[in-house]
Amino acid sequence: MHPAFSVILFTVISGAGYGLFILLAAFHLAGIGPAMSHGELLVHGGVAMGMITLGLLLSTGHLANKKNAWRSFMRFKTSWLSREAVFAVLFYPFAGIYALGVLLQGPAVGPLAAVAGVLAALLAVITLFSTGMIYGCLKTIRQWNTALTPANYIMLGIATGTTLFAAIASVFGNATSMHAGVAMVALVAAALLKGIYYFWISRVNGPTINTATTFNRATVRLLDTGHTAGTFLTDEFGYDPRKDTIDNIKMGVFLLGFIAPVLVFASILSGAPEAVAWLAAISSLIGIGMERWLFFAEAKHVVRLYHGAPNCTSPLTQPASDGPEVPETAGAGEKGPGWRLGDTPGGSGS
Amino acid sequence: MRLGLVIDMDTCVGCHACAVACKQWNTSGTTGALTDYRPYGEDPSGVWFNRIRHYEVGDYPNNKTVNIPMSCMHCQHADCVNVCPTGASYKRPEDGIVLVDQDKCMGCNYCAWACPYGARELDREDGVMKKCTLCVDRIYDQQLPPEERQPACVITCPAHARFFGDFDDANSEVSRLVRERGGVKQMPELGYKPVNTYLPPRITRPIPTDDVRANRLVTSVKDWVNKMVAR
Numbered sequence: 001m002h003p004a005f006s007v008i009l010f011t012v013i014s015g016a017g018y019g020l021f022i023l024l025a026a027f028h029l030a031g032i033g034p035a036m037s038h039g040e041l042l043v044h045g046g047v048a049m050g051m052i053t054l055g056l057l058l059s060t061g062h063l064a065n066k067k068n069a070w071r072s073f074m075r076f077k078t079s080w081l082s083r084e085a086v087f088a089v090l091f092y093p094f095a096g097i098y099a100l101g102v103l104l105q106g107p108a109v110g111p112l113a114a115v116a117g118v119l120a121a122l123l124a125v126i127t128l129f130s131t132g133m134i135y136g137c138l139k140t141i142r143q144w145n146t147a148l149t150p151a152n153y154i155m156l157g158i159a160t161g162t163t164l165f166a167a168i169a170s171v172f173g174n175a176t177s178m179h180a181g182v183a184m185v186a187l188v189a190a191a192l193l194k195g196i197y198y199f200w201i202s203r204v205n206g207p208t209i210n211t212a213t214t215f216n217r218a219t220v221r222l223l224d225t226g227h228t229a230g231t232f233l234t235d236e237f238g239y240d241p242r243k244d245t246i247d248n249i250k251m252g253v254f255l256l257g258f259i260a261p262v263l264v265f266a267s268i269l270s271g272a273p274e275a276v277a278w279l280a281a282i283s284s285l286i287g288i289g290m291e292r293w294l295f296f297a298e299a300k301h302v303v304r305l306y307h308g309a310p311n312c313t314s315p316l317t318q319p320a321s322d323g324p325e326v327p328e329t330a331g332a333g334e335k336g337p338g339w340r341l342g343d344t345p346g347g348s349g350s
Numbered sequence: 001m002r003l004g005l006v007i008d009m010d011t012c013v014g015c016h017a018c019a020v021a022c023k024q025w026n027t028s029g030t031t032g033a034l035t036d037y038r039p040y041g042e043d044p045s046g047v048w049f050n051r052i053r054h055y056e057v058g059d060y061p062n063n064k065t066v067n068i069p070m071s072c073m074h075c076q077h078a079d080c081v082n083v084c085p086t087g088a089s090y091k092r093p094e095d096g097i098v099l100v101d102q103d104k105c106m107g108c109n110y111c112a113w114a115c116p117y118g119a120r121e122l123d124r125e126d127g128v129m130k131k132c133t134l135c136v137d138r139i140y141d142q143q144l145p146p147e148e149r150q151p152a153c154v155i156t157c158p159a160h161a162r163f164f165g166d167f168d169d170a171n172s173e174v175s176r177l178v179r180e181r182g183g184v185k186q187m188p189e190l191g192y193k194p195v196n197t198y199l200p201p202r203i204t205r206p207i208p209t210d211d212v213r214a215n216r217l218v219t220s221v222k223d224w225v226n227k228m229v230a231r
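Which chain is which? The protein sequence lines are A and B, in order.
Our numbering applies: residue 1 is where the first sequence begins, and numbers increase by one.
Our numbering applies: residue 1 is where the second sequence begins, and numbers increase by one.
In isolation and in its complexed conformation, chain B is listed as follows:
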């Protein structure tokens, strides 16, 4: 199995609900707490497994706002695991989930240096590294109804921009989406082989704006009159 997420950059509205749901589930989960520093102060900060950033792609007038949620990519070549001196970071052979054993971590930050995606954050309160678990304490929970055995971020997404599944299964929803929508990976040139895949914005029919008003004498006079009346 190769579990991971597909994130649709076309439908993501950048609402941060996935990050909040993640924080809510995981702060009371097996890797909690996700410590907050100065939560009611002027510069509140803290540990998050999922962060959403917002970008402008293209130049005006052909530009677009794209929201990119990012959490652990559960890379196939996870350097964060290789560089860990204590063996606290490990990648599960059965499903590819990268986890941190907090009882072994010495908080040296080296894995965070090795991660290109900024997926790992040190909890300064606990002194150990924390990261996305792909809700490992949820997706296998037999107590939950089957439809809820998904990461918290996927269940909560109101735009349905997040999908969870097995990338090794060619017929899974995530594999199908990647195939049909041309899924892309972030920074593939570094060779980490991230599992999480992003779906690019759909190419939509351009809506013409230059032919709405023909440049004729009547419209010019109308424009002039409107301007004068407004003044």
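Next comes chain A alone, as it looks inside the complex:
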């Protein structure tokens, strides 16, 4: 899949915002951790709402026809994208009542604001789940079509939220070992889930070029895709990052996204100044940004089978060692990003 920059930014920023809000509601309303001052509560809530709103606005960036974006609420009954939009908007009134309660009543909010806060946190989790299900429900992309996808979205949102929560608390001199501990547990859990996901997609199976072309009892090879330049399909689904790029980014995901933040919080637990929590927050956001890029870049749509990919995990272009060197003829090269017509041994570019 072609990684759309606006969708990466949206899911990472909004995800962290929802995570931060969930942490705020849990610490404040369930009484976990130290008591928070009026100002700290407002800054936590303000940053969370700001990030959520910024992310949702960015998400419209990949729409080709933005004036119809309001219609995305119309198909709640069948579409996870519609459900995400509805839950994301439904979150605001409840979060707003909670925020108003904090603003007017201070840390000791009344029952109405408290209930609204709990419901808003619940809606935050449901929105994260819906975001994951947008991808998880697609039977056409085997790497996404797993319960791990929504699980990852929820846990990564909460994990980045915990790092931000500790970082903001440190501004108020309030980042306790409780903050660091919760962050470490969330980061380790998120890393484990992501690790299971990477393990799972490395051996995923599904439709092949045989079932796609209906010839199940013979080898099938692409001779020609029938077009000389890239198409919408090749632009959208033909993205094929190099194996070493994937490996490097994956290393970055674990180092920046999980290991570095955990080490930072471990250092806070052993006496480092609490302001270093900001390093953990920034590092985890960058790491999860890389994770999100990889989530799209590694996803392989089944329409690739019609463009010559033998199965759901293989790249479109075969390794050069597979066949005799085909000399580059004029015009037979560049066929759009990652797609070459002359990639089958002896194949010609029509």
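Among the hints, a few may not be true.
To be verified - In silico SDA-like links for lysine to any residue, alpha-carbon gap of 25 Å or less:
id, chain 1, residue 1, chain 2, residue 2
1, B, K104, A, L90
2, A, K139, B, G191
3, A, K250, A, S6
What the hints assert, rightly or not - Stretch by stretch, here's where chain B covers chain A in the computed footprint (C-beta under 8 Å, at least three residues):
id, region
4, 131-140
5, 217-225
6, 229-235
7, 292-303
None of these hints come from the bench; they were simulated from the model.
Glycine is no exception: its CB is placed at the ideal position from the N, C-alpha and C atoms.
Let chain A serve as the given structure and place chain B on it in line with the hints.
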């Protein structure tokens, strides 16, 4: 009614006439234009409802070239319709044709992600998703003579490899062809239940090639003489 196409992979010669006829009809039809990008540039591209790909099936010497035209399969379980958040994508209950209401589409590409057959293409110029309409603006047109009330691709096919009809009618030409020729569906394991059905290449009598020349002394000498004379 369950309208759709039958495509004969035995007789299809891969000439792309169906794709061109489709483009010609639909670019000026109700879902037009099918925008072209850089039509006279080095890498011309654009929106097509129908694309033909060419494959080699089997290994030499028992191999065969098969051409596979693909357009919207008008699936019975059309996930592209289910995932659409705006309600722009819909499946007509009366005849099963899947269409896009361009006035409602917001161009999020989600339906194209949900389609396993690559039937949907975003028109970057108009910012909306476009797809095969089964020439809905033609097959019901009472102004046209009855024999022309068929999709443009079916009428134009010079090899007569495309058939249009109602799959719910057991006596229709498409149902009969599927029955008699053992019609197959693409990627049935995904459960989309595509309506369009493909007819596999006929199994023909193999033409022997190894018994044409017996390996005898006379032929060996002849071969040797021919080789020497040619040099």
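Going down the list of hints, with the structure as the test:
1. K104(B) to L90(A): 23 Å, holds
2. K139(A) to G191(B): 9 Å, holds
3. K250(A) to S6(A): 21 Å, holds
4. 131-140: The restraint on the region 131-140 of chain A holds, since 5 of its residues have a Cβ under 8 Å from chain B and three suffice.
5. 217-225: holds (count 8)
6. 229-235: Holds: 5 residues of the region 229-235 of chain A have a Cβ under 8 Å from chain B.
7. 292-303: With 3 residues in contact (Cβ-Cβ under 8 Å with chain B), the coverage given for the region 292-303 of chain A holds.
Consistency note: the structure conflicts with none of the earlier hints.
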